[in-house]
Every structure is written in C-alpha cells, then in structure tokens.
Amino acid sequence: MITNHLKLLVGGVQLRDGVVTVTDVLGRILTRAGLYVLAMERGYASTIYGAHQYDPMVIAEQPPVSWGDPALDILVALDYDSNPDASQQPNRDTVLRHGSHLKDGGVLVYDSSTGEIPTEALERRGIKVFPLPARNIARDELKLDVVKNMVAVGALFRLLEFDRDVTLLRKLVEERFMRKGQKVVDTNLQAARRGREVVETVLKARGWTGTDYHLEPRPVTEPRLLISGNEALSIGAIQGGCRYYAGYPITPASAILEFLEEHLPKYGGRAMQGQNERESIRAALGAAVAGVRAMVGTSGPGLSLKVEEFGVSGMAEVPIVIVDTQRAGPSTGMPTKSEQADLSLVVFGGHGEIPRIVLAPATQEECYTMMIDAHNIADKYQCPVFFLTDLNLSEGRKVVPEAVFTQTAVRVDRGTLVREEDLRRDGAYKRFALTPSGISPRLVPGTLGGIFKVTGSEHDERGFVSTDPATRKAMMEKRARKMETYLREDAKPPQVFGTPDRKPVLVGWGSTRPVLLDAQQRLRALKIEAAVVHFTHLWPFPTDVAKAVLGRASVIIAVEQNFSGQFADVIQSQSLLPVRRIVKYNGLPIYASDVVGGVEQILQDGITHVRVGTEAPAPVRVSEGD
Amino acid sequence: MSEPNVTKSNGQSTVRAAQKPSAKLWDENATPRHRIQWCPGCGDFGVLAALKMALTKQEVTPANLLMVGGIGCSGQIRNYLNGNAFHGTHGGALAYALGAKMSRPDLTVIALAGDGDTFAIGVENFVHVCRRDPGVMLVIMDNGVYGLTKGQHSPTHGRGMDIKEWSEESPPPFSPLRLALTAGATFVAQSFSGDPKHASEIYVQALQHKGFAMVNDFSPCVTYNKFNTYDWYREHGEDVSASHDPANLDAAWELLNDFDRRGRLPLGVVYRHPRAKKAVNRLPLWPEELQGADVRPLLQLFR
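Order-wise, the sequence lines are chains W and Z.
Under the numbering used here, the residues of the first sequence are numbered 1298 to 1923, in order.
Under the numbering used here, the residues of the second sequence are numbered 157 to 459, in order.
FYI, nobody ran anything at the bench for these hints, they're computed from the structure.
As the structure is a computational prediction, the values presented were derived from the model and not from experiment.
For every residue, glycine included, the Cβ atom is placed at its ideal position computed from N, Cα and C.
Within a straight-line C-alpha distance of at most 25 Å, the following computed DSS-like cross-link-like pairs (lysine-lysine) qualify:
#, chain 1, residue 1, chain 2, residue 2
1, W, Lys1440, W, Lys1468
2, W, Lys1789, W, Lys1800
3, Z, Lys306, Z, Lys382
4, W, Lys1501, W, Lys1400
5, W, Lys1727, Z, Lys180
6, Z, Lys433, W, Lys1563
7, Z, Lys213, Z, Lys180
8, W, Lys1563, Z, Lys434
9, W, Lys1440, W, Lys1480
Residues from chain W that keep clear of chain Z, each with C-beta distances beyond 10 Å, as calculated:
#, residue
10, Ile1299
11, Asp1366
12, Arg1421
13, Lys1440
14, Val1443
15, Ser1601
16, Gly1646
17, Glu1662
18, Arg1722
19, Thr1796
20, Leu1874
21, Gly1894
Only chain W is shown next, with the shape it has when bound in the complex:
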C-alpha cells in the first residue's frame, strides 16, 4: 500500500472532456487536505477543440523534489469517443498515448460509455482497470453532460479511499456552483456518488479489496496556495509596485495579461491589451518615461517583435521589466510546448550594445520574490530587465505556503529618482550625468526645477543628441559601468548544492533546478556523486564567482531545454571552461531520468553532447481487430 505518493495523469479531448476541471478540483481539494501537489507539465495543443490534452500531477506528503519521470501510477482517460485527432481510436486515445508509462500494478480508469477497450496487455502487468461509463451516467441518468468530470472525480476518490464522507468535495462544489443553485450542487454531488458506486461494483466483481494507492489528509499547519508561475509573478509585480502592464495575447503569457487586467486597477494601476507586440512595449516605455513602474509580458514570437525597443530602453535608460514565458520556437514553433531557447535573444538580441539584466526564477516562489527584485533592479540600473520563465513554470501549478507571499520583506526602491527638493539643492539637472557607478539621477516629468531630454540617439549629459567622439566614449562607458555596479551590488551568485571539487557538476538555469536536484539524488543511488550549480541571475554573467565554483569540477555538464546549449555557450565564452551539454528540445519537460541517463553517457563515453528524448514513447500493446 502506497500512501500519499503517486503520479497521476488525466487525459482526454481538449475542451470537450474537461481534463483541467478534473485536475483543478483534485488539486484544490488535495491542497486543502494538507497534501502537496505538483502539476508542472501541461499537455495541450494550440487549438481550442479536438486535440489530445493531458495534465499530469504529482501528489505527495512532502513537497516533491521534481515532477520525476514519465512513469505513472494512475491514468484517467476521459475520452468517451473518437478524438478528431485520431479518429480510428474511439475512446482509446489517452490509453494508447500514455498506457505504456503506467507502472506495473498501477491503475487505469477510462470512460467506457462507447464500449470497453482491450486492456489484456495492461492487466497482464498487474494494472487494475476500471471501466467507467461517466459520459453515459452524466448524459442519460443525470441529464447534465458536463458533470461527467465529477463522475470521474468521485471514482478517483473512491479508489484512493479519500474524502469518504465527502466533506471536502461538498465544500468545493458548493463554493463553485451554489450561485447556480442547489440543484446544480446536488447534481454534481450525485455524479461523484455514481462514480464511487461504479468503482465499488468493479472492485466487487473482480474480487479486489482496493488499489495499491491511498491518499490520507495531513494536518494543515499553515495556509497553502495552489498557484502557477504566471499568477505568482503577477502578484509579485503588484507587490513590487508595477502599476502599468501591457501585453498582446500570446501563449503562455496571456494569463498574466488577464490577471493584471482584472486586478491591477484595484491597486490604482492599469493593464492594457496592446494592438500588437510593439504597441505593448512602447506604451509601457512611455509609462516608464512618465515615471510609472511598467512591465510587459510575452513569449518568443512577441519578444522577437520587441527587440528594437530593448535598445531604446538600454540607450535612453528607461527602466522596464520584460517577462518572457518561453515556449518552443523558432517562428511559431510549438506554442504549447516548453523550451529554454530565448536566452541568446535576451542576452545578445538587438543592434548595438546595451546594458541589460537577465533573471530566471526556478520556482513559483521565486516568480514572486524575484519579480519584486526585478522592478527594484530595473529602477536602479535604468535598463531592460528580462524575466525568463517557460511554459512549464508559467502555467504549471504547485502548492506553495501562503507565508511566501505574506512574510517576504518587500521594499519598493525607486533608485535615483530625484524630487523637487533635490533639484533645488543640486542646481542644473543632468539626466545622463556621468557618475562613478554609471547610474544617473532620474526625473519624473512634472517635477519643478528639472527638465529632461531623453533619446535613443547618442546624447550628452543633458540628453541632447551628440556624435562627439569623446561624449560617445564617455556615455558608452557610463552605461557599461552600470553592469559592473550591478555585479558588485545586486547580482546573486549561483546556488551550489553539494561540493563541486573534482566531481561532475550539473549546471542549470531557470525552471530545471528541481529536476537537477532530483537527478542528483538518483545519481547518488547509483554511486555517482555530482554537485548542482544553479543560476537565477544569468546576465551580466558573474564570471569570477562562476569560475571559482565551476573551475573545481571534474566535468561541467549544462542541462538545458534547447538544441545548442545556449547557457553552456555563455559559460564557456565568459569563463573559458569547457562545458558539456545534456539538451532536450522535443517539447516534453526534462525528466530526472533524462539527466541521469545523460550523465551516465557522458561519464562512460566521454561524449560532449547528449540529446535526450529522441525515441518516441512506445504505444501500449493492445490486441487489434476490435
């Protein structure tokens, strides 16, 4: 019997089957029951209706280290009919796609409304199969098609022996549906009851006493939230003083726009849907020029369109936070798949040379805390600050203690913003005054006693256009000096887990930290001691600090979700240390098992690049001819 430790996957046809409704209800209830949920993979397609959708979820008693590997304990297939995407497979699509990942002794629940499917191969592996005519129960008995999700939830809770008295489910259903009336609440609860009954019938018929899996509520000692990266960073932006946001609809950044459109006005701010990607960033820069903390959010294709404005921000020294929720490129790429392939664009993109800062949080918690820092840093250094997440981190949800949001000390520091009294004291105001730190006094228009001229053309200290060689040299050096100041005062060094001396060192950035830590544990079980060095502050690259740590390694292995190893290239070019790479770019998340396999290959064969995830998952073997 396994208690409070499993990986579950719910699959079905997008929009039609309500995959996310099931995982959302599960996630909320399990969070309230004191369990930890990690739902970092989002399997959906860039269509609204029809494609296969799946939502995996790790459930545990302690915060899970990472989302683990593809292996599943429980598979819930909601398709009751053919998927338009795979029409030859009525109600078998999810099972065909994910059945092979079910562990021996696992559990399969599938919608049998349109007939039973062949599952002998799975049953030979000790997998317990529960046919559940959820759609028929909802449509024919309850006369409400949409409650078929609730039939599935009821069935799941029964086989996990969870919430037997239905208190948790009832509370959630009442919260969600009471405004639609008692009848809707009752129908939902009836649906769950019917799901439980079907499971009981199967158990009885098969002579099973239960499954190997079991969930048990844990005492809730502190309030916890189930929250995504996009939501966490949006709250961070509000807390950090951002009061102007603009974004053009794009997956997976749209959720930030939607959240801030709804909530930013409550804090006196405004959020605007741009008419295009360029209007968004230009309007945000205009807001910043006018003195307001501003932010834009987008993903790869939108970021490409904004590149020209990076230079404006860098040259005219207008602070802005640019969120890039990376997705698989290039071009339209795979809009609903995750990747870490925009690093080169944010570090090097654009003509000319500007100061710029690149931050990449690893977790939902850091999406919040680092976003507050991002706005302070942008104001202090008056340059673009890039905030790199990726689809998995943006949309993936996990349980986070509420204290992360309420206990973090928050300081809104607007840097060198000058006020009227400063201007009276200091005399002639120079927007681009040459200073040892490179940081010049910034003015909000409307402040009496000071006028600024700000331009993306090269300029003198007062902001008037100049091509004088000495002025140009002084201004380039002034702007570059800000990055030296940043490295000295604000750049955070990489986090080091374990001792890197004469050991393989796994290097990562952004959302892969949990996977590297998971892989480190798994490698230890294989008698391979490896250290993990994880960067959140990527650029300007902290060469001295990085070299001191990485120089001690026996071999440096960067693990990244892109083709070329973009961060590996940065490390190699900045520190002159050779870096090997484990890269994955097939759209699936990096699993700890991928990293372990890659490290073994590098250590055994001495190869420099491991490209994982090339072989397609084998479909489950089923007897054909049905």
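Dock chain Z against chain W, hints included.
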C-alpha cells in the same frame, strides 16, 4: 520660393506679440536657435513657432510638458523648445505617448512626427490611437518625403501631381484626414506651417480637446519636395468655412469630398466630437504610494 510666414506679412505681429512675454521660457533647456539643424526655410520652423504660441496660450509649463518626437527632421523639434522630451524608435511616437498619457493624465503629452513616421512605419499605432483616444495632441509635419534620408517618397507623396499611371512602387498619396476619420479619431484638423498664426489657433483647439487630437500640418520640405512648395500650398489650401459644423461626422466627410472635387486642401478643424470617457487618475509612482500593497485578497483566490 517663399520663406515661411513667421517673419513676413500680417502673421508677423501676432507671432511676435504671442512669443514675446515667454520667448525666454521656451528657449531655455533647448538647442540654441542658431544651432537648429533644419534647412533654411524648412516648414518645421513654422510649426515650432506655432507650437510655442499655442503652448503659451494654454499656459502649459515646460515641466508639465512631455513631447514625444518621431524619427526624422521633424522629430528634432522636441529639442528646439523647453520641456521634457522623449525620442525612441521610428513609428513609435504615438504608442509611447499613449502609455505616458494613460499613466500621467496630469501631463500635457504631445507627439511630434513626420508623415513617414506616422503613416508608413507607424500607421499601426496611428490607427489604434485614433480608436483609443488618449488625451494626446499629434502634429504631423507632412512634407511628402523622407527628408532626413534624402528625399524618398512617403505615403503622402504625389499630392496634387498630375500623374497618369501609378505603380506598386509608386502608388498615389493617401489622405491622412480620411484615415483618421475612418479609424474613429475624435479631433481631425489640418494646418499649414506657412501660416503659423492660423496653425497655432488649431493647435490651441487640439490642446483643449479631451481626447486624441490629430493635426496634419503641411510643412514644406524646401530641399527634397520641389512640387508641394509654400506657394503650391498657398494656392491649394483653403480655410474651412465658419459655417462648417465640425461635430457632424457626415458634414466632415462631405467637406473632404467637396474639397477633393475642387482640388483644394482644407485648413482648419474638420471634425471634433469628444467621446464620453472614463475618468482616470495619475497612476501611483512614488515609493510611499507603492510600499505595502496588500495582496492578501488576491491570495484568497488560490486557497
């Protein structure tokens, strides 16, 4: 070729009278007049003079002024008078101005750009700013050419020319006023920099307008447009009659059709119809306004 009207004819006395009390004010924090880098006789001098008159009349102070300049000769105007100024990418002026005004309704925000900046590379912003209707005045210094890159044709090139055959490379000019009306602009006007007094009167109305105010100003390029000269505009320009009702959209379209039929260019306010809009406040920006935002109500959503 005639010089702009600033120093000549009956415009003269008014210009001097309006400028005198505050000439010094607008000359501070600005490029000295002798270092202005426009060709002698450039139409933009007239716009500069008219702008100073209008700002003075409206009692705008330089500290509360934010000028957003476009790319090109015209955008340099931001440095030729006192006041805060911003200058970014080609075609972006209106989008920057939009964000600035949305954040700071307390500022006077004006965009100053050319016809290429506004109607070619920046047309995406022009169209939607007409719809959004921020309280921004836009003065387009329309000369039909890209002056700063030595005379390439802009979208308004070919105005009044007797051209028998057009091509994809060289299409007919389009009408800024018609585009503005189509896009839903609430203030549409045209002026001529050769008559700064009249132009300044239109700018004053634009500055008073609660919403986006578009003024297309014919500002001749004396170096690269030898066709649409001061004389040509004097010959073809015609004041909008006092009997025209600018609040009537049908009348505005009819006026444009009538002028087009007669081969004339309207000078004055063609359309003015403020839209009911939500009141907005200056966005919080000082640390004391931002510190300690209570996000606990948001956290409730995720329990």
